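Trainee: Required output: the full structure, derived from the provided sequences and hints.
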Amino acid sequence: MSEFFGDWHALVVLLLAGVIPNQIWRMLGLWLGGGLDEGSDLLMWVKAVATAILAGVIAQILVQPPGALASVPGFLRYGALGAGFLAFILTRRSIFAGVVCGEIFMLAGKWLLA
Amino acid sequence: MRGMPLPPLESPKWHGPLRAFAWGMRSVTATVLSLVLFVTYIGIGALAHDTHFSLAWALMSTALVWAGPAQIILISTLASGATIVQSAIAVTVSAIRLFPMVVAVTPMLRTPRTKRRQLVLVAHFTAVTLWVECYRFLPQVPRERRIAFVHGLGCGLTSIGLCATIIGYELAANLSQSLAAAILLLTPLAFLFSTARNSRELADFLALALGLALYPLAALLNSGLDILVSGLVGGTIAFCVHKWREGP
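Protein chains in written order, with the numbering used here: chain G, 1 to 114; chain E, 115 to 362.
Derived from the structure by calculation, the hints contain no laboratory data.
The reader is advised that the hints may include incorrect statements.
[What the hints assert, rightly or not] Here are some, though not all, of the chain G residues that point toward chain E, as calculated from beta-carbon distances under 8 Å:
1. L11
2. L14
3. L28
4. G34
5. L36
6. L42
7. L54
8. A55
9. I58
10. I95
11. V99
12. M106
13. A108
[Claimed, not checked] Only pairs whose alpha carbons sit at most 25 Å apart, straight line, appear in this in silico SDA-like list of lysine to any residue:
14. K110/G <-> K357/E
15. K357/E <-> I24/G
16. K110/G <-> A286/E
17. K127/E <-> G34/G
18. K110/G <-> F152/E
19. K110/G <-> V153/E
20. K229/E <-> I24/G
21. K110/G <-> A287/E
22. K127/E <-> S292/E
23. K110/G <-> L293/E
24. K357/E <-> L43/G
25. K110/G <-> N288/E
26. K110/G <-> Q254/E
27. K357/E <-> Q23/G
28. K229/E <-> K110/G
29. K110/G <-> S292/E
30. K357/E <-> L42/G
31. K229/E <-> G39/G
32. K357/E <-> M27/G
33. K110/G <-> L149/E
34. K110/G <-> D164/E
35. K357/E <-> G109/G
36. K357/E <-> I20/G
37. K357/E <-> D37/G
38. K229/E <-> L32/G
39. K127/E <-> L32/G
40. K229/E <-> I20/G
All values reported here derive from a predicted model rather than from experimental measurement.
Glycine included, C-beta positions come from ideal geometry on N, C-alpha and C.
Mentor: This is the structure in structure tokens:
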């Protein structure tokens, strides 16, 4: 059982570094959202910044890859995003086609290089 | 993929919140994003295993954080020896996107009688998958049943995430490196295309493109707040271009 729970200290870290910093934005959205006009400039700007931040998170995973992704050469990681995007556009915005095409590109490239 | 039609709006099949909850839960079978979510959380489970977190830790992070990128960032920063404060900052920056998502989702569920506390769980479930699916499913759900429906959808998606976390955690030792890499690549691909799919205005596309392009530049500063810097600059430029095109 202790193997299942591990170190209680790690669970406190999860709460402080993971749960609270993440949930605070959802609860802020709930508390402030009611008073915000959906078409307002302020919300428009917040949305644009949030989208650009999400894009930054995507770029970070590709530029500084975690775990096993680090074993894939950079040009394959970026190429996979490009290939997936092409498929996404050609299929008139199918998320599934984009994801599958990007994955195939990366795996095929890795297989050819091996 | 687009199977399972929901009953018509005036159908008796919508009577009672419990039925709406069940329809929400069943709707997870009608979206390919469930599959993407499943594989994403296999990756997160495997990452948690490889970085020596306990299974309970991984499950709690899935249930309580419920945001793929935040969990990947949390696990990888803590494993690389970052302090709690450094990890918390990285996580909170990645989570800012949840704020406008909640602001966009909650008006779709409100009725004049809805109290804010009734939406707390909805806000918790709000993440990219739910955000995309609300736009697709909610027009087919009677307004007074939407909260129950989203609770069902959220519980269904969370169950998928929890099962996948366990599977990924247990499989981690047996995953080949290529497969593990492919699973981790899924998060950036799924997030990019989900966000692009839900983008309507030029500002959204521009923010996405600028955020991608500016991050490598901002990373050169090595400030620890790279994503915030590139996001603020990229988002503000996108907003200004949008206002400028709209005219005075």
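Trainee: Confirm or reject each hint.
Mentor: Cross-check of the supplied hints:
1. L11: holds (6 Å)
2. L14: Result: holds, 6 Å to nearest chain E Cβ.
3. L28: holds (6 Å)
4. G34: For G34/G, the interface hint holds, since the closest Cβ of chain E sits about 7 Å away, which is under 8 Å.
5. L36: holds (6 Å)
6. L42: Since the shortest Cβ distance to chain E is 10 Å, the answer is violated.
7. L54: holds (5 Å)
8. A55: holds (3 Å)
9. I58: Nearest chain E Cβ about 4 Å off; hint holds.
10. I95: Since chain E brings a Cβ to about 4 Å from I95/G, closer than 8 Å, the hint holds.
11. V99: holds (5 Å)
12. M106: Nearest chain E Cβ about 6 Å off; hint holds.
13. A108: A108/G check fails; min Cβ-Cβ to chain E is 11 Å, beyond 8 Å.
14. K110/G <-> K357/E: violated (44 Å)
15. K357/E <-> I24/G: Violated. K357/E to I24/G sits at ~29 Å, over the 25 Å cutoff.
16. K110/G <-> A286/E: holds (20 Å)
17. K127/E <-> G34/G: violated (30 Å)
18. K110/G <-> F152/E: Distance of about 23 Å is within 25 Å: holds.
19. K110/G <-> V153/E: With a Cα-Cα distance of about 20 Å, the restraint between K110/G and V153/E holds, given a limit of 25 Å.
20. K229/E <-> I24/G: Holds: K229/E and I24/G sit about 19 Å apart, inside 25 Å.
21. K110/G <-> A287/E: Cα-Cα ~21 Å, so holds.
22. K127/E <-> S292/E: It is violated: about 46 Å lies between the C-alpha atoms, which goes past 25 Å.
23. K110/G <-> L293/E: This hinted pair holds, its Cα atoms lying about 11 Å apart.
24. K357/E <-> L43/G: Answer holds: K357/E to L43/G is near 13 Å, not above 25 Å.
25. K110/G <-> N288/E: holds (19 Å)
26. K110/G <-> Q254/E: Cα-Cα ~43 Å, so violated.
27. K357/E <-> Q23/G: violated (31 Å)
28. K229/E <-> K110/G: violated (53 Å)
29. K110/G <-> S292/E: holds (8 Å)
30. K357/E <-> L42/G: Since the Cα atoms of K357/E and L42/G sit roughly 12 Å apart, the hinted pair holds (cutoff 25 Å).
31. K229/E <-> G39/G: holds (23 Å)
32. K357/E <-> M27/G: violated (29 Å)
33. K110/G <-> L149/E: holds (23 Å)
34. K110/G <-> D164/E: Given pair K110/G, D164/E holds - Cα atoms ~22 Å apart, limit 25 Å.
35. K357/E <-> G109/G: Violated, because 42 Å separates the two Cα atoms, which is more than 25 Å.
36. K357/E <-> I20/G: violated (34 Å)
37. K357/E <-> D37/G: Given pair K357/E, D37/G holds - Cα atoms ~17 Å apart, limit 25 Å.
38. K229/E <-> L32/G: Since the Cα atoms of K229/E and L32/G sit roughly 14 Å apart, the hinted pair holds (cutoff 25 Å).
39. K127/E <-> L32/G: Violated. K127/E to L32/G sits at ~34 Å, over the 25 Å cutoff.
40. K229/E <-> I20/G: holds (23 Å)
Hint violations for this structure: numbers 6, 13, 14, 15, 17, 22, 26, 27, 28, 32, 35, 36, 39, all remaining hints satisfied.
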